Structure formats: C-alpha cells, structure tokens
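Taken in sequence, the protein lines are chains A and B.
Residue 1 is where the first sequence starts when you use full-length UniProt numbering, and the numbers rise one by one after that.
Residue 1 is where the second sequence starts when you use full-length UniProt numbering, and the numbers rise one by one after that.
Just so you know, these hints were derived from the structure itself, not from any lab.
Bear in mind that the values here come from a model prediction, so they are computed numbers and not experimental data.
Glycine included, every Cβ here is placed at the ideal spot set by N, Cα and C.
Do not take every clue at face value.
Listed below are the simulated BS3-like cross-link pairs for lysine-lysine, each with C-alpha atoms no more than 27 Å apart in a straight line [as the list claims (entries may be wrong)]: (1) B:Lys144 with A:Lys48; (2) A:Lys24 with A:Lys206; (3) A:Lys189 with B:Lys41; (4) A:Lys24 with A:Lys48; (5) B:Lys133 with A:Lys77; (6) A:Lys48 with B:Lys79; (7) A:Lys149 with B:Lys79; (8) B:Lys133 with A:Lys139; (9) B:Lys122 with A:Lys139; (10) A:Lys153 with A:Lys193; (11) A:Lys41 with B:Lys155.
Covered by chain B, per the in silico footprint, the following chain A stretches (three or more residues, Cβ under 8 Å) [unchecked claim]: (12) 8-20; (13) 174-182; (14) 196-207.
Estimated spans, in silico, between C-beta atoms of each pair [claimed, not checked]: (15) B:Lys208 with A:Glu44: 37 to 47 Å; (16) B:Met63 with A:Phe112: 27 to 37 Å; (17) A:Asn179 with B:Ala9: 21 to 31 Å.
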Amino acid sequence: MVVKVYGKAQAVCPQRVMHCLVEKGVPFELVHVDIDTMEHKRPEFLQKQPFGQVPYIVDGDLELFESRAIVRYLAAKYEDRGPNLLGRTLEERAKVDQWLDVEAINYNPWAFPIVFNLFVLPIRGLPANKADAGAAVDKLNKVLEVYEKQLSKTKYLAGDEFTLADLTHIPATRYIVENCGLSHLLDDKKHVKTWWEDITGRPAWKKVMSFVETGGSNYSP
Amino acid sequence: MAVKVYGAAMSTATVRVLLCLEEMGAEYELVPIDFSTGEHKSPPHVARNPFGQVPAFEDGDLMLFESRAISRYVLRKYKSSGPDLLREGSLEESAMVDVWLEVEAQQYDKAISAIYIETVIKPVFFGGVPDEKVVAESAAKLGKVLDVYEARLSKSKYLAGDFLSFADLSHIPYTHHIVAGPQASLFESRPHVKAWWESLASRPAYKKVTTGTPTS
C-alpha cells in the first residue's frame with residue numbers, strides 16, 4: 001500500500017516530505033487538504049493532526065505528523081536505498097542531528113515570518129507585517145553568515161554528503177529566494193550560493209517541483 | 001575521559017543535556033559560561049557554538065551544539081548503561097519519539113519559553129518586570145497545547161507511547177520552572193498531564209539536575 005501524504009502541494013512542510021520520498025524512490029499519493037477553506041482546522045482533520053497543520057502521513061498502520069519527524073522516519077526506514085540522509089557513524093549522525101535542529105530552531109523562526117508576510121499574506125490579499133519580515137531578514141542574514149563559514153569547510157552542512165540537514169531547508173528557502181525578492185541573502189555568500197545551487201539542482205528536488213506544477217496526486221519513481 | 005558541557009544552570013537547553021547524561025550515568029564536567037560578561041559571544045565559545053549559544057558539548061575531538069542533537073548523541077553513546085530513551089530498535093517507536101520531540105520544540109516551547117523569559121529571566125537577570133499581557137497570551141497558548149497533551153496522555157502513558165522516552169524528558173527544563181509559579185494551574189487542572197509531570201519529576205536524574213550542582 002502506498003504512503004499517503006495529506007497536505008497542500010504548495011505548502012513548505014509537505015514539500016519537505018515529498019522531497020525525501022522522491023530521494024528514496026518511494027511512491028506516494030498526495031491527498032489534497034484544502035487550507036484555503038480551513039479544512040486543516042476542522043474536527044476530522046484534528047483527529048489526525050491535533051495542531052491543525054499539514055502534513056501528516058499514513059504508512060500502513062502508522063500515522064505521523066511533524067515533517068521533520070516524518071523525514072527522519074523515512075530516511076531510517078529506507079536506509080538501504082538512495083542517498084544516505086542520516087549519517088553512518090555516531091559522530092556523523094550527531095552532525096546531521098545538529099544541523100537538522102539548527103534549521104528547526106535557528107533558521108525556520110526567521111524564514112517563516114519572511115515567507116508568511118512577503119508571500120503568503122499578499123497572495124491572499126491580506127495585510128502583512130513588513131516590520132516583522134524586515135527584522136526576520138536581518139536575523140536570517142546573520143544565520144546565513146554562520147552557514148557561510150560552515151560551508152567554507154564542508155560541502156554540505158553536516159559534512160561532505162547531502163543529508164536531511166540540507167534537505168529540510170529547501171522548501172522555505174526557495175520561496176524566500178524566488179518569491180520574496182531576497183535572493184541576494186544567498187547570492188552574496190559564495191559558499192552558500194554554491195550549496196544552494198547544488199541542492200536545488202538535485203534531480204529529486206526538480207521532480208518534486210514538476211510534480212507540484214503539474215498538480216499531480218500520484219507519484220511513482 | 002569525561003565529556004564536557006559548556007553551559008549555564010539557568011539555561012534550559014543546558015539542563016536538557018545534563019538530564020540525559022544523568023539518566024545514562026555518564027561522567028561529565030560542566031564548564032560554566034558566564035553570560036553576564038558576554039562570554040557566550042567570546043571567540044573561544046563561538047568556536048564551540050557558532051551561534052554564541054549554550055550548550056556546547058565536547059567529547060574528545062567531537063564538538064557539538066543544539067541540545068537535542070547533543071542529547072541524542074549521549075543517549076546513543078551510553079545506551080548500554082541507561083534506559084532506552086530513543087527506541088531506535090523500532091522504526092515505529094522511534095518515529096513516535098521524533099514526532100513528540102518536534103511537538104515539544106515547535107509547539108510547546110514557543111508558548112512556555114515566553115512565560116519563562118517574562119517570569120524568570122527578566123526579573124532574575126535584568127531586574128525587570130514581567131509583561132503580564134505576554135504572560136497571559138502565552139499561558140493561553142500553552143493551555144491549548146496542554147489540551148492536546150491531555151487527550152494524548154489519556155490514551156498512552158507517555159507521549160510517544162506506553163514507554164518513557166526522550167520526548168517526555170525534553171519537556172522537563174522549562175516545565176520545572178513554570179510549575180513553580182502561578183501557571184502551575186495549567187498542569188494541575190489536567191489530570192493526565194499532572195500525573196505525567198509528577199512521574200517525570202520523581203526521577204532521580206531530575207532531582208539531581210534541578211536541586212543542586214551536578215557533580216562529575
């Protein structure tokens with residue numbers, strides 16, 4: 001039975017999960033959740049994801065939510081195929097965990113208000129908080145300066161291989177670069193720019209983008 | 001050789017790591033980082049944690065930051081000498097641990113940390129006064145999160161399942177401070193949350209890390 005991903009294709013967190021599935025060559029069905037009509041806040045949805053957010057997945061008997069937990073699960077379940085996304089030794093795994101947490105705790109809190117205020121709200125014709133976005137841009141820039149230092153030492157965040165720690169950054173950062181007029185945040189940092197071009201050039205990511213663009217609901221490798 | 005934790009007693013993230021070390025009976029040295037002199041932003045510390053935050057962790061040549069990543073490393077390294085808190089022998093169980101660890105970091109912390117900053121950090125370190133509006137809003141948010149926890153804990157003994165895991169322990173650092181204040185009522189009024197908390201707070205590792213200076 002095919003993994004089902006419940007979410008909206010354009011949303012950041014479902015894209016994170018879809019990217020991991022494609023990297024691992026795992027077929028899935030994307031079941032559309034209509035965020036625009038608040039489907040994710042209705043009782044039936046809250047039974048599955050009690051915080052009213054997307055995505056959640058159903059894999060056989062297992063139901064999971066929180067995209068970063070989901071990708072960890074998928075990377076472990078399909079450890080034997082596709083790229084190694086978690087690290088192998090105790091030390092490598094710790095580095096992957098470290099940069100996964102950096103994304104969740106030091107990067108996303110700034111990435112989110114940027115995308116929300118400069119892209120999501122304007123698209124819905126709703127008033128945005130430009131000051132919040134501006135402050136977040138400054139903070140994100142400082143975080144990216146740390147990334148620049150790290151990426152001058154290692155090809156990817158956790159070492160010399162692409163891992164979940166790089167993967168989790170992609171969906172939100174793409175909106176920042178392509179839809180918020182902020183590509184300079186990455187372009188003016190030599191190693192960050194190289195890293196960004198490399199990870200978004202991955203065939204799996206390109207497949208996710210084309211799947212989203214064509215409005216697909218069933219993905220097969 | 002004992003591992004080193006560079007941190008501070010008032011840092012909830014430092015406490016998270018110390019709890020795991022204590023649970024696994026690991027030898028460690030706590031090296032205090034003095035925030036009042038800006039030591040956390042000094043070059044030697046930034047070399048350990050490039051975000052100038054605590055904790056940082058040193059095990060031989062390995063230097064790590066981010067408390068949950070450090071904790072996972074500790075729980076794996078010492079896994080033969082303590083409880084199985086990550087459940088990595090089971091895909092399904094470890095996935096549930098990861099789900100509730102994310103919930104802690106993404107949902108729980110956002111609400112409870114604001115209360116901690118207003119009611120503990122501000123008065124103790126800055127001689128400031130809590131912003132009651134922020135406290136009230138954060139308490140309301142935390143209440144909503146705890147409603148989800150109450151429903152969850154009425155179905156399973158602990159968050160990830162009927163087994164204690166790192167997902168539960170990760171909640172201890174902030175909660176320890178909040179249940180000492182007026183927002184304790186948020187926990188007291190939810191019977192399954194209350195029982196869950198009391199179970200966590202009765203653990204020897206909890207008492208050791210929160211009541212005195214941890215010894216190496």
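Practice task
For the pair we were handed, lysine 24 of chain A and lysine 206 of chain A, check the Cα-Cα distance against 27 Å.
Solution key: 14 Å, holds
Practice task
Below or equal to 27 Å on CA atoms is what counts here, so check lysine 24 of chain A against lysine 48 of chain A.
Solution key: Satisfied, since the Cα-Cα distance of roughly 25 Å is no more than 27 Å.
Handout entry: Given coverage of the stretch 196-207 of chain A by chain B, tested with a Cβ cutoff of 8 Å and a minimum of 3 residues
Key = violated (count 0)
Handout entry: lysine 133 of chain B paired with lysine 139 of chain A [C-alpha distance capped at 27 Å]
Key = 25 Å, holds
Exercise for the section: Assess, step by step, whether the Cα of lysine 48 of chain A is no farther than 27 Å from the Cα of lysine 79 of chain B, and give holds or violated. Expected result: Violated - the C-alpha atoms of lysine 79 of chain B and lysine 48 of chain A are around 32 Å apart, more than 27 Å.
Handout entry: Range hint 37 to 47 Å (beta carbons of lysine 208 of chain B and glutamate 44 of chain A) holds or violated
Key = This hint holds: roughly 45 Å between Cβ atoms.
Problem - Restraint status (C-alpha distance of lysine 41 of chain A to lysine 155 of chain B at most 27 Å) - result: Holds: lysine 41 of chain A and lysine 155 of chain B sit about 22 Å apart, inside 27 Å.
Handout entry: Pair hint outcome, lysine 149 of chain A versus lysine 79 of chain B [Cα-Cα no greater than 27 Å]
Key = 33 Å, violated
Practice task
Mind checking the alpha carbons of lysine 122 of chain B and lysine 139 of chain A for me, to see if they're no more than 27 Å apart?
Solution key: It holds: about 22 Å lies between the C-alpha atoms, which stays within 27 Å.
Problem - Proposed proximity, lysine 77 of chain A with lysine 133 of chain B (alpha carbon, max 27 Å) - result: 45 Å, violated
Exercise for the section: Please count how many residues of the stretch 174-182 of chain A have a CB within 8 Å of a CB from chain B and say whether that reaches 3. Expected result: violated (count 0)
Practice task
Would you check the hint for lysine 189 of chain A and lysine 41 of chain B, treating anything up to 27 Å between C-alpha atoms as holding?
Solution key: Roughly 22 Å between the alpha carbons, so the hint for lysine 189 of chain A and lysine 41 of chain B holds.
When each numbered hint is compared with the structure, violations occur for hints 5, 6, 7, 12, 13, 14, 17.
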